Structure formats: C-alpha cells, structure tokens
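Line order of the protein sequences matches chains A and B.
Using the working numbering, the first residue of the first sequence is number 1, and each one after it goes up by one.
Using the working numbering, the first residue of the second sequence is number 1, and each one after it goes up by one.
If you're looking for bench data, these hints aren't it; they were derived computationally from the structure.
Treat the numbers as computed from the prediction; the structure is a model and nothing was measured.
Take these hints with a grain of salt, some might be off.
Unchecked claim - Here are some chain B residues pointing at chain A (derived, C-beta under 7 Å):
1. Gly28
2. Asp108
3. Val111
4. Leu121
5. Pro122
The beta-carbon is built from N, C-alpha and C at its ideal position, and this holds for glycine as well.
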Amino acid sequence: MKKKKTLRPEGNPIVRFIRNNTVPIMFVLICAVCIPLSGFSPSYLLNEIVTRMGRNIFLILCLLIPIMAGMGLNFGMTLGAMAGEIALIFVADWQIWGIPGVILAMILSIPFSILLGLLCGKLLNMSKGREMITSYIISFFINGLYQLVVLYMMGPIIPIKHFSIKLPRGYGIRNTVSLLNMRQVLDNALSVTIAGVKIPILTFAIIAVLCLFVTWFRKTKLGQDMRAVGQNMEVARAAGINVERTRLISIVISTVIAGFGMIIYLQNMGNLSTYSSHSQIGMFCIAALLVGGASVDKANIGNVFLGVILFHTMFIVAPSAGAKITGDSMIGEYFRVFISYGVITVALVMYEAKKRRAKSLAGHKLAQDQLTEDKEAAQ
Amino acid sequence: MKSKRTLLIRLAVVLVLIAIGAVMMVIGRGHTVYFDNVALDYNGTHYDALYKVTVYVKDKQVAKLYAKERGMATWIGQNFSMTLEVIETKGGDEEVHTIHVKLPYNMDGIVLNLPALLQGLPEEAYLKEFVSNVPEVPVEEEPGSSDEFDFGADF
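Pulled out of the complex, with its shape left as it was, chain B reads as follows (with noise of 0.2 Å):
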C-alpha cells in the first residue's frame, strides 16, 4: 500500500515537472523580430513605404525607421506586441499604433513589414521567415581543443 503511494506521489512529481517543462517551452520560446520599412506590392496594390516609423517594444524605443530601412528587437513568447510612432508623409502628423502579433511558434526570426501591417493586410504579406543572405564562412573550429589546466580561467 505504501509503496503503491509512494509511485503515485513519484508520477505525479514527473507529470508535474514534464507539465512545466512544457509551459516554459511555451512561453519562453525566444525569437528576433526584424521590423521593415519597405514598399510592397500585394494583390495588385502598391503600398508605399512610411516616411517615419518609431518603434517601441515594452516601452523600450528599438528602432526609429525611415524608408528602406530595417531594425530589430528580442521578443519571448508568441503573443508580440509594440507601439508604433508613425508619421506617413513628411510634414504629416504623427500618429500611434498599438500593435499585436501572434509569432509563429517554429520560426526564429521573423520580418515584419510595417506598411502591410498597418494596412491591416493578411499574414502572408506582411509576416515572413528571416533567411540570412550573408553566407557563412566556414571556419574550422577544433572542437575540445583548450588550455588543459585553464589559466586565466574565470570562476
């Protein structure tokens, strides 16, 4: 009887722990948003780029964009949010958005284009997956190879 309990209380510790393993692998997912500020044609229809676009991701300013340009933040978890300063055409008045995005849980990095998004376009045009165009350069690295009694060495 005891040792039936104490299987149960076992299990129950593992499917606890396997349960929170599983949110953190949720919420903590990590990923880097890169934010465009770039004209794009969707459907037939020209969007043009924006003249000033400043954005702020939990009240940190990450990028101030003018057109063609391209910033970045951090972000963990899916659910995206940022504030946008946005001002349309020169001399225009500024105007801000409040912004939230569900990321997509298997991409690392992610481009948003901030025209499409503000237009209120579907995913497709304004949410796609960052692919590095700078090759990278094949370094051989010698694994394991280390000062054997580690000078220096911090702890």
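Bound conformation, chain A alone (with noise of 0.2 Å):
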C-alpha cells in the first residue's frame, strides 16, 4: 500500500535549526578539519581574520539594502566596484597619496556608482523577478564597457598622464597599478595591536559607521518603503508607494556602498589589477554573506560578519590544509573556488525549495479548509 505522503512544518527546533542554518553549519565543520590541518598558529589566524574583516566586510554590508527590497541579491555591486576602480586611477594618476587619496576617490566614484547604480536600477526594474541573473549579466556588460574606457579612451579621450600608469604604448592602463602610496592608510591610522593581532580601528569604525546607517536606514520611511516592496509589490504599490523609484533607490545605494567599498578593499591590498580586481567580487561577496547564514530574501549585518568570519578561515585555511591532505596545494585553491561556487548554488536552490515548500503547505492548507467548509455546508 502507498503510504502517504504528509506535509507538515518542522516541530523539532533542533531540525528546524539545522534547516535553517545548513550553509554556515557545513562552514563550522569545514573549517574546524581544515584549522588543525593548517598548521596555522592561532594569533596568525586571527591576523589574517581581522585584516580581511576589515577589508571586506563594506564592500558585503552593500548587498543588504537590494535584498530589503526584495530584489535579491546585487550581482550588480561589480559596477560599483568598477566605479570605485575608475576613481583610484584618477586619484593614482594625479598623485593624490594617503587618506586624502582615499577620500577624494571615495568622493570621484560617487557620481560614477551613481549613473551606474541607475542604468542597473532600470533594467533591473524592467526585468522584475529575474533581478539576480539580470544584473549577473549587466555586470558583464558593463565590464565591456569599462574595458572600453579603461583600454582604450584613458589616454587619447580621458587625460591620463602619469607615465606609471598608462601603458608604454601610449594610451590605455597598465595591468596593475600601483597604490603603494595609500597601502593600508585606513589601516594603519589608529591601529592597535593587542597580543600580537593588528586591529585596524579606524576601518572598523568606518563599517560601524555603515552598520549604523544600515540599522537606521531600515526604520526611516524609504527603509520601510523598501521593506514592504520586498515582502509583496502589489500590495506595497497599492499602498501607494512608488516601487519602481524604492527598487531604484536601493540599487543606488547598494552600488555606491560598493565603490567606497571598492576603495577600502583596494586600499588594504596595495595594488588595482585593472582588468580582473572587480571580476570575482560580487561573486565572493555573495558567497561570504550566504555562509553568514543569509538568504535571497533575508539578511542582516549579523549573516555579514559571521559570513566572513567562516568564509575567510576557510579561505585562509584551505590551500594549507589542501596541500597538506594531497600534496599539492594547488588542489586547495580548486577547493575554495568550488567552495564559493558550491555556496552559492546550494542557497540558491535551498531558498528555491523552501520557497515551493512553503507554497505547497498554503495550498495544502487551503484546500482542507476548503474541505471542512464543504463538510460543515453539507451537515
């Protein structure tokens, strides 16, 4: 006899957790074989932890104002990245040095992100439901174009003079520039150093700073637009707000952050590779927040910090312990690209699966409400 199949939520909390934080669960034990493997002293570990906290936990923070709106998660934050990468050529180029270079690029990629930001926003506003592989592809498309400049119109169009810069043959910019004169400059300024680990304050200031607007941001009238865009359009436009301008507002917002962002994480590493700085960011940043625990349609800074936390240890930690469990350390570099892959892939289909589960149990539902008034008409 066919048994039947029941559909019931999860009333074990020990299940129910698990189910819900399967992604950085996978992470804890990922990291806690491969530490040991590492052979990685501890206070090391924690260095390269807090420097990459540091580094790129801003460039993260952007992803939570899209994902308020309900539009997923911003593939598009690469345009902001490229922003930020165009504003430190310029910066680099007229020898700006220090944090004045920062600042001043921080202020030049300002209204680059912002253009950006609104290009994406409309297409994304035109492709509503299908944000996520709509702004993966303009990201692609806007890399064309950046290369465009970049290659070709940076010299001859744009003045680029500085001879580090440009390339020997007379137009376009060099593979690599150097930002040796604003390496760490965040960093460095106020850092302290407690057993052995540097604490870069003043980075870590910035993101509380950005960790405060984020929380404020949420409770102002625009947050809770963006919030009721997110949980449902038509009721959210039938309450009279205007989505598409919510929708594009957050798309601004979230590529801005991402060309400061941009700029710190250039910043700390000392050096922009031109043509391949911004083309694995949106993919590892999103990766790092869905290890936080994050989903397509829920997030917080909480799933930012712990995200790269375990990510980070795992990307520390995983060539060491790949060579050391194979031999070739090559295989740990496999590994932690698979691994970011991998995460992405399994959160996308878990939210997708949680998503026809929930849609399953309504229906469900309904039509046995539907069956007990029929009961109760007929009596």
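With the hints as a guide, bring both chains together as one complex.
Below you can see the structure in the form of structure tokens.
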C-alpha cells in the first residue's frame, strides 16, 4: 500500500535550526577540520581574519539594501566596484596619496556609482522577478564598457599623464596600478596591536558607521517602503508606494556603497589589477554573505560578520590544508573556488525549495480548509 | 516649496563634496623629494658639497649623505619640512638645521640641493624637477590578459 505523504512544518526546534542554518554549520565543520590540518598558529589565523574583516565587510554590507527591497543578491555590485576602480585610477594619476587620496577616490566614485546604479536599477525594474540573473549579466555588459574606456579612451580622450599608469604604447592603463602610497593608510591609522593581532580601529569605525546607517535606514520611511516592496510589490503599490523608484534607490545606494567598499578593499591590497580586480568580487561577496546564513530574501548585519569570519577562515586554511592532505596546494585553491560557487548554488536551491515548500503547505492548508467548509455546509 | 528645499539641500551636499575633494587634492598631493649633496656654481660663486649630512623627515632618518650622494623621501602636501644634521668639513662640529620648503604642486619628483639650501640661495638654485635619465625599456604588456577563473586570487 502506498504510504500517504504528509506535509507538515517541522516541530523539532533542533531540526528547524539545522535546516535554517545548513550553510553556516557546513562551514563550521569544514573550518574545524581544516584549521588543525593547516598548521597555522592561532595568532596568525586571527590576524588574517581581522585584516580580511576590515578589508571586506564594507563591500558585503552593500548587498543588504537590495535584499531588503526584495531584489535578491545584487550581482550588480560589480558596477560599484568598477566605479571605485576608475576613481582610484584618476587619484593615482593625479598623485594624491594617503588618506586624502582615499577620501578623494570615494568622492570621485559617487557620480560614477550613481550613474551605473541608475542604469542597473532601470534595467532591473524592467525585469522584475529575474533581478539576480539580470544584474549578473549587466555586470558583464558594463565590464565590457569598462574595458573599452580603460583600454582605449584613457589617454587619448580622458587625460591620463602619469607614465607609471599608462601603457607603454601611449594609451590605455597598465594591468596593475600601484597604490603603494595609499596602502593600508586606513588600516594603519589608529591601529592597535593586541597579543600580536593588529586591529584596524579606523576601518572598523567606518564599518560601524555603515552598520549604524543600515540599521537607521531600515527605520526610515524609505527603509519601511523598501521592506514593504520586498514583501509584496503589488500590496506596496496599492498602499501608494512608488515601487519602481524605491527599487531604483536601493540599487543606487548599494552601488555607491560598493564603490566605497572597493576603495577600502584596494587600499588594503595596495595595488589595483585594472582588468580583473572587480571580476570575482561580486561572487565572493555574495558567497560570504550566504555562508553567514543569509538567503536571497533575508539578510542582516550578523550574517555579514559571521559570513566573513567563516568564509575567510576557509579561504585562509584551504590551500594549506589541501597541500597537507593531497601534497598539492593547487587542490586547496580549487577547493576554495569550488566552495564559493557551490555555496551560492546550494543557497539558491535551498531558497527555491523553501519557497516551494511554503507554497505547497499553503495550498495544502487551503484545500483542507475548503474541505472542512464543504463538510460543514453539507451538514 | 518642499521640492525647492530638497533641491537646495542636494546642491549644498554636492558643493560640500566638491569642496572636500578640492581640499584633498591640495593636501594629499604626493611628492618624491630627492636630496643632493653635490657642489654647485651659482652666479659665479662655487659652493662645496657638505662633508656629511643626515636628513630627518618626520623625525625619521631617511638619508645619511656624504659628498656626491643622493637620498630620497616621500612627502604628502606642499609644505615640506626636514631636519638636517650637518658636518660641513671633516672633523668639524655638527650643526642642526630645520628647513621648510614650499614644494611646487605640479612636480612629482623634486631635487633639492642641500648645500644651496643651507646657503640660503634662491629657489632656482636649490630646487629642480627630477627627470629620470634611465630610458624606459618598452615592454609589451598585454592588457587584460588574466586567468579567467582567477584561481589563486586573494579576496
């Protein structure tokens, strides 16, 4: 006899907890196995994680606002990263160094980010319900434009004069632009060392300001509108919210924050790979956020911090652990790239499965209610 | 009325950002300063190189120069300041001088002639733009060629 399949919400809180936090739990286990194998000392590991937190958290925080507006994971953050890079190229050409250079680059990136954010937002408004794939493709499209500008227009059309930036042929930007004169200027200003671990106070203060902004923004009228749009666009429209404008603003804010984040990231690295720095950044940021337990429709600041810690612990230890296990460090490199893409796939599949389960449960409940109503009417 | 106020606020924000940007461009301009301890002739007078000079920038020793030697330091902004510990002739006494120089905004590399500077000669005698004498070998760089999947890239 065929057993009847019943759909019911999990009653066991442990099962529910595991189901809701599968990705972070998976990463905790991976890190627990890889850390002892890597052979790194705790202070080294802590130092690396703290450095990477300062480097990446600002960038990842830019993903929160589009999620709030129901636009999913903003792969279009790459556009902001490109805006930040263009600003840095100009600042490097004008030889503005140190913290003033970082501030000037941030100010310069704003108009580029706003323009690109408006373009991205407009296109995403035309493709509602398919925002993630659309933003992913937009980032490829804008990358093409970026390459055109940087390779052919910088020099003859856009004035670039510094020999260390321009290609020897006379136009276009070199593969690597040195940011040595602004390297870690934010991280070193006001930094303190505790038990061998360098804590970049200024960078963390900037991150704290952004966290406060995000928290405050949720409570504003615009933030509430975004949440309403994120929950149900039609209901929000009926309530008098300009859905398209709200979504557009969310993408513009995200792109501007991504531009700032990319500048903070690159000042930490100390050089800019002109043609490839931005190419993977969206993917890694999204992977880190998902590792922190976020989903396509729900993310908070806690997810960002947890994600950065877990994802980067894996990033640091994987090559060394891979080398110890297999004798080849490349395996570890492949492993961390495979995990990055894998975690995005798992999170997307889980999100869809959860959505379908919820839909199915709702349908099941509706059918049962109708059946009960019919029975009552018959009696 | 409200839209006019919004427009004014936006304009004010843009102006403030432009102003901050302009200030950053001035105070953040970086220069590489080279110190030459070499003899020079100016207006028919000959000035000898110093026996030994130690250069401190921001309380950090950046160069110890004997005759015909060159040192360098980096500086952000136009108001350059350095401390020199000078021994003019062998066996002579050490003198300490604090020197302030206004660096030209448009020069990336600036060469300062220390004997001329200490003699109080005009700017044209002690300051000139650094021009590299080493010809750049044109290395053909393939722009944009990178590993598509970026394995090994750090994040």
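Structure-based check of all given hints:
Among the interface hints, the one on Gly28(B) holds; its C-beta lies about 3 Å from the nearest C-beta in chain A, closer than the 7 Å criterion. Look at Asp108(B): its Cβ gets to within about 6 Å of chain A, closer than 7 Å, so that hint holds up. Interface restraint check: Val111(B) against chain A, minimum CB-CB distance 17 Å, threshold 7 Å, status violated. With a least beta-carbon distance of about 27 Å to chain A, the hint placing Leu121(B) at the interface is violated under the 7 Å criterion.
With a cut of 7 Å, the hint placing Pro122(B) at the interface with chain A is violated, because the nearest CB-to-CB distance is about 26 Å.
In this structure, the earlier hints numbered 3, 4 and 5 are contradicted, and the remaining ones agree with it.
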